[in-house]
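Chemist: What follows is each chain in one-letter form.
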Amino acid sequence: MQVVSLRPEIGAETGKVSGQTRAPAMIDIESVSQRFEVSGRKSHLALSDINLSVADGAFVSILGPSGCGKSTLLYIVGGFVSPTEGVAKVKGNVITGPGPDRGPVFQEFALFPWKTVLGNVMYGLRQQGVKRAEAEAQSRRLIEMVGLKGYENFYPKELSGGMKQRVAIARTLAYHPSVLLMDEPFGALDAHTRTRLQNDLLNIWERDRKTVLFVTHSVDEAVFLSDKVVVMTRSPGRIKEIVDIDLPRPRRRAELLLDARYQKYVVDIERLIDDGRDDVVQP
Amino acid sequence: MRIAVSRLSPLLACLGLLVAWQLAAMLLHTDSFPTAWQAILTVPDVLGDRESLLNILDSIRRMVIGLTLAMLVSIPLGLMMGRSARVAAFFNPLLMMVYPVPKAALMPVIMLWLGVGDASKTLVIFLGVSLPVIYHSFQGAKAVEEKMLWSGAAMGLSAVQRMFRIVLPAALPEILTGCRTGLVLALITMVTSEMIARQSGAGNILFNAMDMAQYDTVFAMIIIIGALGIVLDAAFDKLRWRLVAWAEPRQDILLGAS
Numbered sequence: 368m369q370v371v372s373l374r375p376e377i378g379a380e381t382g383k384v385s386g387q388t389r390a391p392a393m394i395d396i397e398s399v400s401q402r403f404e405v406s407g408r409k410s411h412l413a414l415s416d417i418n419l420s421v422a423d424g425a426f427v428s429i430l431g432p433s434g435c436g437k438s439t440l441l442y443i444v445g446g447f448v449s450p451t452e453g454v455a456k457v458k459g460n461v462i463t464g465p466g467p468d469r470g471p472v473f474q475e476f477a478l479f480p481w482k483t484v485l486g487n488v489m490y491g492l493r494q495q496g497v498k499r500a501e502a503e504a505q506s507r508r509l510i511e512m513v514g515l516k517g518y519e520n521f522y523p524k525e526l527s528g529g530m531k532q533r534v535a536i537a538r539t540l541a542y543h544p545s546v547l548l549m550d551e552p553f554g555a556l557d558a559h560t561r562t563r564l565q566n567d568l569l570n571i572w573e574r575d576r577k578t579v580l581f582v583t584h585s586v587d588e589a590v591f592l593s594d595k596v597v598v599m600t601r602s603p604g605r606i607k608e609i610v611d612i613d614l615p616r617p618r619r620r621a622e623l624l625l626d627a628r629y630q631k632y633v634v635d636i637e638r639l640i641d642d643g644r645d646d647v648v649q650p
Numbered sequence: 153m154r155i156a157v158s159r160l161s162p163l164l165a166c167l168g169l170l171v172a173w174q175l176a177a178m179l180l181h182t183d184s185f186p187t188a189w190q191a192i193l194t195v196p197d198v199l200g201d202r203e204s205l206l207n208i209l210d211s212i213r214r215m216v217i218g219l220t221l222a223m224l225v226s227i228p229l230g231l232m233m234g235r236s237a238r239v240a241a242f243f244n245p246l247l248m249m250v251y252p253v254p255k256a257a258l259m260p261v262i263m264l265w266l267g268v269g270d271a272s273k274t275l276v277i278f279l280g281v282s283l284p285v286i287y288h289s290f291q292g293a294k295a296v297e298e299k300m301l302w303s304g305a306a307m308g309l310s311a312v313q314r315m316f317r318i319v320l321p322a323a324l325p326e327i328l329t330g331c332r333t334g335l336v337l338a339l340i341t342m343v344t345s346e347m348i349a350r351q352s353g354a355g356n357i358l359f360n361a362m363d364m365a366q367y368d369t370v371f372a373m374i375i376i377i378g379a380l381g382i383v384l385d386a387a388f389d390k391l392r393w394r395l396v397a398w399a400e401p402r403q404d405i406l407l408g409a410s
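Residue numbers (my numbering), protein chains in the order written: chain G, 368 to 650; chain S, 153 to 410.
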C-alpha cells in the first residue's frame, strides 16, 4: 500500500525528466517522407510527414503494425536510408550517413561470423583507433555486463539467438554511441529469452541513460521499456499519437504487470492501433 | 570403430578400384590394358626419370601460376559484381558467352597468337579456372547481409574498408568453394593444354608414351596425375577448413559424442 502511495511522486519526477521538451533534442525528425519505387511507375509511400523530437537520454519506442515504415524511420536516423523528403538531425546536425554516434542493433543480430564474441565487441573500438589492450579490457567488461563471461572466444555460430543479441548489444555499446537504434531487437527470440533481455536492457539503460530509439510491434514491450511510445498508423506510416508513459523507474516487471496504470497504457495503446486498422478498411 | 571406418573408406575405395582393375586386366589380357600392379610398378620408373620429373614439375608450375593469376583477377571481379548491380550488368553477358565454350577449344587460336610455350598453356588454365571462382565470389558477395554492412558503416568503416573487411571475409567460405572447383579444373585444363600443345608437361609424356605403345607408362601417368589431383584437393580442403572453421558446424565434436 505504501508503495502505491509513493508512486505518484516518483511518477511526477520521471514525468519532469521526459517533459523537458525545451532542452536541445538528441534527435529531430522534420517533415520526413519516404517513397519507395515498387515496380516501374508504381511507388509506395512508406512514411508520410513524420515530425518527432527525441530528448537526450529518453527511451522512445516506435510502435505500429508491420509495414507501417517504423523500421524505415529508424534506418533514416541511422543514415542507412536517405529520406525522400524532409531531414533528420542528430544533435542539431543533418544526418547524411551512418556514424558511430548512432549505434544500430538489428533483429537479425548482423554479427561478424568470422570474429569471436570478443572480436565482435572489440571491432568498433579498434576501428575508432583504440589500442588493442585497452579495447580488449573494455570489451571484456562489456561482455561480462551483458552476461556472457566465459564465452569470449566463442564464434557466433556456437551461440543461441538470445546470446547473439547480447553480443550485438555489447558490440554497439562498445563504441559509445550517443543514440542506440534498436530495430525489433528481440523479435526473433522466444518469449522467455525476450523477457530476460528486456530486463537486462533496462538495467543497462538505467546505468548510463543513453538515448534509445526502439522499434517494436509488441505493445507490452513498448510500455514496459519506454518513456514515450510513438504509435504509428498502417501504410502510409504516420504518427497517430505519442503516449507519455508515466511509470516509475526502475521498473520491475513483476510489479508492473499488476499495476493498473501499466495495464491501462497497454489497453489504450492497443485500442489506438486497432483504430488504425479500421482506417485502412475504410477507403 | 565407425570413425575408423569412415576415415579409411577413401582408402578402401581406392583399393577396391585397383583390385577391380587388376582382375579386369587379367581377364582381358591385352597389351593395351596393363594390370594395376604393372602400372604401379612403372610409377617409380617415371618419377625416377629426370626428364619426366622435370616435365611434371613444369606442369605443376604452370598450373600454380594459372590458378594464382585467375584467383587474383576473379575474386575481386566476382566480389565487385556481387556488390554492384552495374558491374554485374556489364560483365554478366560477357561471362555468359565465355561460359559454355570449352576452354581447350580456344587452344588453337591462342597457340596461333602466343605459340606453344608457357604463355598459351597458362592462359588456358587461367580461363578454365576463372569462371567458377568468379561465380562463387559473386554469389558469396551477393549473400552478405545488408545489415552486417550497416553495422560496419556505423562503426565508421568506409566503402572500401567494408569491401575488404566485411564482404571479403563474409564471402570467404563461398570463395574457397569456388577455388576448390577451380583447382580441379586447373589440373584438367593443364593436362588438356599439354595434349594439344605437345611440347612439354605431364600430358605430353602421357601422349608420347601412347604413340610409342608404352601402355605401362600411359597408365602410370594416369595414376600420377590422379594422385596429384587427390593430394592437391585434400591439401586445399585442409587449408580451407583452417580458414573458415568459423562457418562450419563443429563436426569433430559431434562425431566424438556419438
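Just so you know, the hints here were simulated from the structure itself, not pulled from any lab data. Hints may contain errors.
Here are the in silico distance ranges between beta carbons for each label pair [unchecked claim]: (1) G:Gln-495 with S:Ser-236: 21 to 29 Å; (2) S:Ala-237 with G:Gly-464: 16 to 24 Å; (3) G:Ala-627 with S:Ser-310: 50 to 58 Å; (4) S:Ala-237 with G:Asp-575: 54 to 62 Å; (5) S:Pro-252 with G:Asp-567: 51 to 59 Å; (6) G:Ser-398 with S:Ala-311: 28 to 36 Å; (7) G:Val-405 with S:Val-261: 28 to 36 Å; (8) S:Ala-311 with G:Glu-397: 54 to 62 Å; (9) G:Glu-525 with S:Leu-180: 50 to 58 Å; (10) G:Gln-495 with S:Gly-168: 55 to 63 Å; (11) S:Leu-164 with G:His-543: 40 to 48 Å.
Note that CB positions come from ideal geometry on N, CA and C, so glycine has one too.
Chemist: Starting from the hint 21 to 29 Å, judge whether the C-beta atoms of G:Gln-495 and S:Ser-236 obey it.
Modeler: Given a distance of about 28 Å, which is inside 21 to 29 Å, the answer is holds.
Chemist: Measuring from beta carbon to beta carbon, are G:Ala-627 and S:Ser-310 in 50 to 58 Å?
Modeler: holds (53 Å)
Chemist: Within 28 to 36 Å: is that where the Cβ-Cβ distance between G:Val-405 and S:Val-261 falls?
Modeler: violated (48 Å)
Chemist: Regarding S:Ala-237 and G:Gly-464, is the given constraint of 16 to 24 Å on their beta-carbon distance met?
Modeler: holds (20 Å)
Chemist: Given the range 51 to 59 Å, decide if the beta-carbon distance of S:Pro-252 to G:Asp-567 lies inside it.
Modeler: holds (56 Å)
Chemist: With 54 to 62 Å as the target window, see if S:Ala-311 and G:Glu-397 comply at their CB atoms.
Modeler: With a Cβ separation near 28 Å, S:Ala-311 and G:Glu-397 fall outside 54 to 62 Å, so the hint is violated.
Chemist: Okay, S:Ala-237 versus G:Asp-575 on CB: inside 54 to 62 Å?
Modeler: violated (41 Å)
Chemist: Take the C-beta atom of G:Ser-398 and the C-beta atom of S:Ala-311, compute their distance, and say whether it sits inside 28 to 36 Å.
Modeler: Once the Cβ atoms are compared, 29 Å apart, the range 28 to 36 Å for S:Ala-311 and G:Ser-398 holds.
Chemist: Holds or violated: the 55 to 63 Å window for the beta-carbon distance between G:Gln-495 and S:Gly-168?
Modeler: holds (60 Å)
Chemist: Indicate whether the distance between the beta carbons of S:Leu-164 and G:His-543 respects the range 40 to 48 Å.
Modeler: Violated, at about 59 Å.
Chemist: Quick check on a hinted range of 50 to 58 Å for G:Glu-525 and S:Leu-180, using CB atoms only.
Modeler: Roughly 55 Å apart at Cβ, these two residues keep to the hinted range, so it holds.
The earlier numbered hints that this structure contradicts are 4, 7, 8 and 11.
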